[in-house]
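Following UniProt numbering, the numbering of the sequence shown begins with 1 at its first residue and continues without gaps.
Honestly, the hints are just simulated from the structure, not real lab data.
There may be inaccurate statements among the hints.
To be verified - Distance ranges between label pairs, derived from CB positions:
1. Ala25 to Asp127: 16 to 24 Å
2. Ala17 to Arg104: 28 to 36 Å
3. His36 to Ala121: 14 to 22 Å
4. Leu58 to Ser136: 32 to 40 Å
5. Gly8 to Glu56: 17 to 25 Å
Glycine is no exception: its CB is placed at the ideal position from the N, C-alpha and C atoms.
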Amino acid sequence: MPITIHQGELGEPDVQALLALHVAAMHAHSPPEACHVLPGSALAHSAITFFTAREEGLLLGFGALKELGDGEGEIKSMRTAPQALGKGVGGAILSAITTEARARNYRRLLLETGRSEDFAAANRLYDRAGFVECGSFGGYPTSDFTRFLALNL
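Please model the entire structure based on the sequences and the hints provided.
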């Protein structure tokens with residue numbers, strides 16, 4: 001069955017469980033001063049659109065698009081479920097977010113991620129999608145750990 005993308009579903013129990021895993025992993029793999037993960041409650045903000053990927057109802061992953069204003073959006077909270085790694089879930093979610101950003105006439109997508117091996121798969125995904133290094137944005141502090149990326153739309 002194909003991967004299907006849905007908007008919303010933040011309150012679903014399987015989403016909450018994967019969000020808890022995501023937040024714990026970000027805290028475990030990021031220095032405290034460079035850990036900018038949003039808790040689930042913050043993802044319910046009106047400026048954020050939350051996406052899930054499913055196959056036959058099974059949650060495969062999620063991601064979010066935050067409206068920054070001035071024609072820009074930020075990718076937040078990308079996570080693939082452990083049992084779905086390597087199945088193209090991240091690419092499907094990233095494609096859905098990019099499509100939505102283009103539909104909103106955003107000129108640029110931004111994201112902040114880590115540089116360590118724990119973030120290698122995500123960085124490969126963003127690099128393949130055409131994201132390039134950019135400067136800090138949105139008040140994020142710079143650090144040796146943090147990588148800032150942009151995709152011109």
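Violated constraints from the hint list, given by number and in increasing order = Checked against the structure, no hint fails, so every one of them is satisfied.
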